[in-house]
Each structure stands twice: as structure tokens, then as C-alpha cells.
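J.: Chain by chain, the residues:
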Amino acid sequence: MTGYEDWSALVITLQLALISTAILLLLGTPFAWWLARSEWRYKFLLEAIVALPLVLPPTVLGFYLLVTFSPSGPIGQWTVASGIGSLAFTFSGLVAGSVIYSLPFVVQPLQDAFRTIGPRPMEVAATLRASPLDRFLTIAIPLARPGFITAIVLGFAHTLGEFGVVLMIGGNIPGETRVISIAIYDHVEMMEYQEAHWLSGGLLMLCFLMLTLVYWINRTFRIMLK
Amino acid sequence: MTIRIQFQVDRGDFHLDVDVDVQQRGITAVFGPSGCGKTTLLRAIAGLDRYSNGFLQIGDQVWQSDTKFVPPHRRALGYVFQESSLFPHLTVIRNLEYGYSRVPEDKQKIDMDTAVELLEIGGILHRFPVNLSGGEQQRVAIARAILSSPTLLLMDEPLGSLDLPRKLEILPFIDALHRELGIPVIYVSHDRDEVARLADNMLLMSNGQMVAIGKVNAMLTRIDLPLIHGDQAESVINAVVSGHDPEYQLTSLDSSAGRISVTGNKLPVNTSVRLRILARDVSLTLARQKDTSILNIFPATVDGIVPEGNAQVTVRLLVNDTPLLARITRKSADNLELRPGMRVYAQTKSVALLA
Chain A
1 MTGYEDWSAL VITLQLALIS TAILLLLGTP FAWWLARSEW RYKFLLEAIV
51 ALPLVLPPTV LGFYLLVTFS PSGPIGQWTV ASGIGSLAFT FSGLVAGSVI
101 YSLPFVVQPL QDAFRTIGPR PMEVAATLRA SPLDRFLTIA IPLARPGFIT
151 AIVLGFAHTL GEFGVVLMIG GNIPGETRVI SIAIYDHVEM MEYQEAHWLS
201 GGLLMLCFLM LTLVYWINRT FRIMLK
Chain B
227 MTIRIQFQVD RGDFHLDVDV DVQQRGITAV FGPSGCGKTT LLRAIAGLDR
277 YSNGFLQIGD QVWQSDTKFV PPHRRALGYV FQESSLFPHL TVIRNLEYGY
327 SRVPEDKQKI DMDTAVELLE IGGILHRFPV NLSGGEQQRV AIARAILSSP
377 TLLLMDEPLG SLDLPRKLEI LPFIDALHRE LGIPVIYVSH DRDEVARLAD
427 NMLLMSNGQM VAIGKVNAML TRIDLPLIHG DQAESVINAV VSGHDPEYQL
477 TSLDSSAGRI SVTGNKLPVN TSVRLRILAR DVSLTLARQK DTSILNIFPA
527 TVDGIVPEGN AQVTVRLLVN DTPLLARITR KSADNLELRP GMRVYAQTKS
577 VALLA
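Line by line, the protein sequences are chains A and B.
Per this note's numbering, residue 1 is the first one in the first sequence, and the count goes up by one each step.
Per this note's numbering, residue 227 is the first one in the second sequence, and the count goes up by one each step.
Among these hints, one or two may not hold up.
Ranges of calculated distance between the beta carbons of each label pair, as one might list FRET restraints [to be verified]: (1) B:R230 to A:V55: 53 to 59 Å; (2) A:W216 to B:P398: 43 to 49 Å; (3) B:V296 to A:G175: 56 to 62 Å; (4) A:H197 to B:S387: 57 to 63 Å; (5) A:A22 to B:Q308: 38 to 44 Å; (6) A:W216 to B:S387: 28 to 34 Å; (7) B:M338 to A:T116: 30 to 36 Å; (8) B:D239 to A:F44: 23 to 29 Å; (9) A:V55 to B:S387: 40 to 46 Å; (10) B:R300 to A:N172: 54 to 60 Å; (11) A:V55 to B:D239: 37 to 43 Å.
Here are some of the chain B residues that sit facing chain A, going by a computed Cβ distance under 7 Å [as the list claims (entries may be wrong)]: (12) L274; (13) P298; (14) H299; (15) Y305; (16) S311; (17) H315; (18) Y324; (19) G325; (20) R328; (21) S374.
Calculated directly from the structure, the hints in this document are not laboratory data.
Glycine included, each C-beta is placed from N, C-alpha and C at the ideal position.
Could you build all of it, start to finish, from the sequences and the hints given here?
T.: Below is the structure:
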């Protein structure tokens with residue numbers, strides 16, 4: 001059976017996924033809106049950067065983050081000087097890493113959803129006296145609902161399964177940076193297959209349920225719209 | 227209300243050059259072939275597209291000048307798009323409320339019941355747009371636009387996506403907008419029939435340029451405009467129902483061209499109607515024919531003659547200052563020795579009641 005350390009790893013994993021998803025939504029929504037609307041000629045550069053975590057080995061990403069966060073790294077120097085201390089091997093560092101690691105899983109569905117809406121509904125709302133922020137909140141966001149649900153679930157689930165980045169920048173500090181995927185790895189290393197089964201099976205079921213929910217909700221929404 | 231519109235747009239291979247004061251009463255049709263800049267003009271008036279070289283004044287309100295650009299959501303306008311533009315995530319009633327609730331209460335000129343009744347959408351208020359027919363969607367879109375209490379209603383080919391029966395179903399509603407609510411309408415269309423039925427004024431456009439503007443019938447019968455050419459050359463005459471002949475099932479109407487008889491007797495006396503007389507249905511005689519089957523014969527003066535191809539001419543006539551077109555063969559024109567100033571009789575074979 002699973003012990004205290006496994007439960008604590010589960011709690012940390014869920015906290016990490018929740019906080020990262022929330023931050024990603026806050027930053028990703030305006031960014032995705034801008035990407036969907038902007039006609040800036042070098043926009044493709046930003047789109048390529050957003051997509052990088054999709055193809056890059058997580059260890060590469062983790063390595064660069066570790067270097068950046070270290071007291072002599074660009075961000076590390078600043079965080080140490082301002083009294084925050086180095087982000088490496090802390091929960092905050094994990095959150096920062098997850099946000100970058102899961103960025104495409106949130107930004108891309110939102111960008112697609114906003115692009116699918118097209119300019120027309122926003123123009124209609126403008127002729128009906130809605131200010132830009134008003135029409136963004138009352139028209140763009142509700143119409144992009146499938147994109148939001150996909151973004152939330154993918155961002156959350158992808159952070160749940162994070163391994164390489166955590167290993168590089170989080171270390172494996174129980175109760176602080178030890179997440180489920182690493183706990184599973186440790187159990188397997190120690191031939192504790194029983195515990196590894198419990199955690200793996202649980203994670204599998206959770207991700208499957210969330211994805212099922214997304215596809216079901218989005219299917220219902222599409223039927224309503226078309 | 228006067229609308230002052232000035233736009234000089236140079237956008238790659240497209241130019242828009244319009245400089246006009248519209249004495250806006252009733253419906254002004256912006257008419258021209260596809261791609262001539264009608265929609266561009268309408269979007270510029272709405273502020274949906276921003277062009278730096280423009281001046282726009284509606285009544286006493288300046289919406290755009292060199293130093294000022296009022297964003298669309300601060301302009302008291304209504305806009306009806308060509309395709310259905312209802313918000314798919316809102317029911318009909320919530321679509322209607324969207325604009326209505328954003329107008330300050332002391333500026334709401336039209337209430338929900340009036341709009342719902344006028345466009346006959348009371349039975350579909352709780353449906354989602356996806357469950358409406360094309361005609362119903364467009365009626366809701368029109369109701370939604372007028373519920374934002376516009377001082378000016380802009381319509382961009384609102385019937386363009388509908389088939390003919392649906393069009394004919396909606397035309398009376400648009401006609402009712404300015405008659406019953408007094409909202410001036412700028413109506414973009416490339417459908418001549420729609421314009422002849424609906425519009426009071428016509429702004430004719432070609433290649434991004436304004437060609438001419440004036441009353442619809444004056445425009446349709448102007449010798450110097452292309453509208454006078456082609457098979458559809460026509461005159462439009464406003465008339466009022468003055469009586470019925472129950473025995474022969476005829477309705478008589480009073481118009482500026484005199485008394486006119488049409489078949490049918492459904493319309494009540496004093497109804498205002500619009501009549502269309504195709505130029506090809508009008509023939510000319512020098513003396514009034516007594517023994518003829520033609521009912522409507524107008525004494526007229528020849529005002530001008532323009533060739534139509536090689537074999538035909540179009541004769542512009544004036545019947546008590548009301549212009550009327552006749553399409554006859556060039557041979558007949560020569561045989562009758564027609565020339566401006568001559569007195570003739572115009573025999574009209576067919577008069578159509580519009581709307």
C-alpha cells in the first residue's frame with residue numbers, strides 16, 4: 001500500500017498542476033488572443049517558441065532552467081539579489097518550470113478557439129455597444145469554451161505527468177518537490193511494484209477521466225453551435 | 227437629418243472615393259455591382275474599419291474627423307450583416323437583450339415588445355439561433371439592431387443569403403422599419419429589384435467611386451446613368467389606393483402621373499404603394515387611341531432619347547413631371563419622328579405593384 005510519502009507526493013503534484021494551470025490561464029489567455037488576432041509579420045517566431053516544449057526533451061528544458069535559476073544564472077542572480085533566493089530545488093521553481101513546459105498545451109487550444117470564432121461576432125458586439133473588454137468577456141470567452149476546457153485539462157494533465165523537468169530542477173525532496181511521477185520511478189527502482197502499480201493506475205485513471213470529460217463536453221458544445 | 231460622408235481610401239488596388247451629403251429620410255440604397263466598395267463604405271460609416279482620410283457627421287454628431295474617431299461601440303448605430311450574425315451561445319431573447327441592455331435607459335427609443343411584435347418573433351424567443359430558419363435569423367438580427375436604438379441603421383445586403391421566398395417574406399419588415407419607427411436606413415444592395423421595392427434614395431457606386439445620388443425614380447430614369455440600359459429598365463411611381471371596381475376586380479390609384487388602374491382589389495383605400503412599369507411594357511402613340519385594350523394611357527412629353535443597342539432606343543418621358551421610360555425600336559422612333567419636347571401618349575401594358 002502507499003505510505004505517507006506517496007500521499008504527500010500526490011498532494012504536491014495536484015498543487016503543482018492546479019497552480020501552474022491557473023497561472024497558464026491568466027498569462028495564456030491574453031497571449032493566445034493576441035496570437036490569434038495579430039498580423040505582426042514575425043508572429044511565427046513566437047509561435048515556434050511556444051511550441052518548443054512539445055518537441056524538446058524535458059531534460060533539455062530542465063537543464064536550461066536549472067542553469068537560469070542557479071545563483072549565477074540570469075534569473076537566479078535577480079532572485080537571489082531580491083531576497084527570494086534561488087528557485088532551483090524549490091516548489092516555486094517547479095511551478096515556473098511547469099508553466100513553461102505546459103505552455104503549448106494551454107496556448108494552442110486557446111489560440112485555435114479564438115481564431116475559429118473569427119472577427120464577425122466581435123464586430124457585431126461592437127455595433128451593439130459592447131466595449132472591447134465587454135465583448136471579450138461576453139462573446140469571445142463563451143464562444144471559446146471548448147478551447148478553454150481543452151486548455152485547462154491538457155495543461156493540468158500534462159503537468160501531472162511531468163518528470164524530466166522536475167527531476168532536473170526540483171531534485172527529489174520529499175514533501176517539497178517530490179511529485180508522483182518521480183515517486184513511481186523511485187518505487188520501481190526499489191522493486192516496489194505494488195506501490196508503483198497503485199500510483200500509476202491512479203494517474204492513468206485520473207487522466208483518462210479528465211480527457212473523456214473534455215471530449216464529451218466539447219462534443220455537446222459543438223452540437224449546440226452547429 | 228443630414229449625413230455627411232467623406233472617405234478617400236487608397237488600399238492597394240482598391241480605391242474608395244465618396245463625398246456626399248445625404249438628406250436622410252427613409253431608406254437610402256447604396257447600389258452597385260459586387261466589389262464596387264459598397265460594403266467598404268458601410269463598414270467605414272460604422273467605424274468597423276478605420277481609414278485616416280475621412281469625415282463623417284450624423285446630424286449634429288461628428289463620428290470621424292481628422293482629430294476624432296468615435297469607436298463603433300460609442301456610435302448610436304445598428305448594423306445588420308449579410309449572413310446570420312446571431313450569437314450562437316445565446317437564445318433569441320438574450321441576443322435581443324445584448325444591445326438593448328447596453329443602451330442607457332433614457333436613450334432607449336424602442337422597447338422590446340415593439341420590436342418583437344414588428345418583426346413577428348414572439349414565438350421563437352427562447353430558441354437558440356441554430357434552431358431558426360434563415361429568414362427567422364435575419365428577422366431576429368434586424369430586431370436586435372433596432373433595439374439598440376440607433377439614429378442610423380446600416381444594412382449590408384441583409385437578404386443576400388436568403389432565397390427568393392424568404393426575401394419576399396422579409397421585405398415588408400424592412401419597409402416597416404422606417405415607416406413605423408422613423409429610423410433612417412442605409413441599405414447596401416446589388417439587387418436592383420430590392421432597391422426598386424424598398425429605397426427612397428439611391429447612391430450609385432462604381433469602382434469605389436460615387437457616381438450619383440438622388441430619388442430612386444429619378445435615378446432609374448436618368449439618361450446619363452447606366453441604370454436606364456438593359457432589359458430591366460424601369461420606372462417606379464409612388465401611388466395611393468383611391469378606390470375599387472368590384473365588378474372588374476380592379477384597383478384604381480392616384481399618383482403624380484395621374485390615375486392608374488391595376489388588377490386586384492385587396493388593398494384598402496389610402497394605402498401607399500409603389501408601382502413598377504418596365505420600359506419594355508410601354509409603347510408610344512402620337513394620338514390617343516380610343517379602341518385599345520390598354521387601360522393605362524398617359525399623356526406625356528418626350529424628354530430625351532438614348533440608343534439601346536443597334537435596334538432599340540429608350541425614350542424618357544415626363545408625365546406631369548413624373549419620369550417614365552419607354553423602350554421602342556429605333557425604326558418606330560424614326561417613323562414617329564420622336565424628338566424632345568414632343569407630345570405623345572404612353573400606353574402601359576403592365577403595371578406591377580411592389581410591396
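J.: I want to verify a distance hint. Is the separation of the beta carbons of W216 of chain A and P398 of chain B within 43 to 49 Å?
T.: 45 Å, holds
J.: Between V296 of chain B and G175 of chain A, does the beta-carbon spacing fit 56 to 62 Å?
T.: 59 Å, holds
J.: Please check whether S374 of chain B passes as an interface residue: C-beta within 7 Å of a C-beta belonging to chain A.
T.: 5 Å, holds
J.: Cβ-Cβ distance between R230 of chain B and V55 of chain A: within 53 to 59 Å?
T.: 57 Å, holds
J.: Regarding V55 of chain A and D239 of chain B, is the given constraint of 37 to 43 Å on their beta-carbon distance met?
T.: 41 Å, holds
J.: Is the shortest C-beta separation between R328 of chain B and chain A less than 7 Å?
T.: Constraint on R328 of chain B satisfied, holds at 4 Å.
J.: Double-check L274 of chain B for me: the hint is only fine if its C-beta lies closer than 7 Å to a C-beta in chain A.
T.: 5 Å, holds
J.: Is the hinted range of 30 to 36 Å satisfied by the C-beta distance from M338 of chain B to T116 of chain A?
T.: 32 Å, holds
J.: For the hint 40 to 46 Å, verify it against the beta carbon of V55 of chain A and that of S387 of chain B.
T.: Distance hint for V55 of chain A, S387 of chain B holds at roughly 43 Å.
J.: Does the Cβ distance between H197 of chain A and S387 of chain B fall inside 57 to 63 Å?
T.: 59 Å, holds
J.: Note whether the CB distance of R300 of chain B and N172 of chain A lies within 54 to 60 Å or breaks it.
T.: 58 Å, holds
J.: Per the hint of 23 to 29 Å, is the separation of the Cβ atoms of D239 of chain B and F44 of chain A within bounds?
T.: 26 Å, holds
The structure meets every hint from the earlier list without exception.
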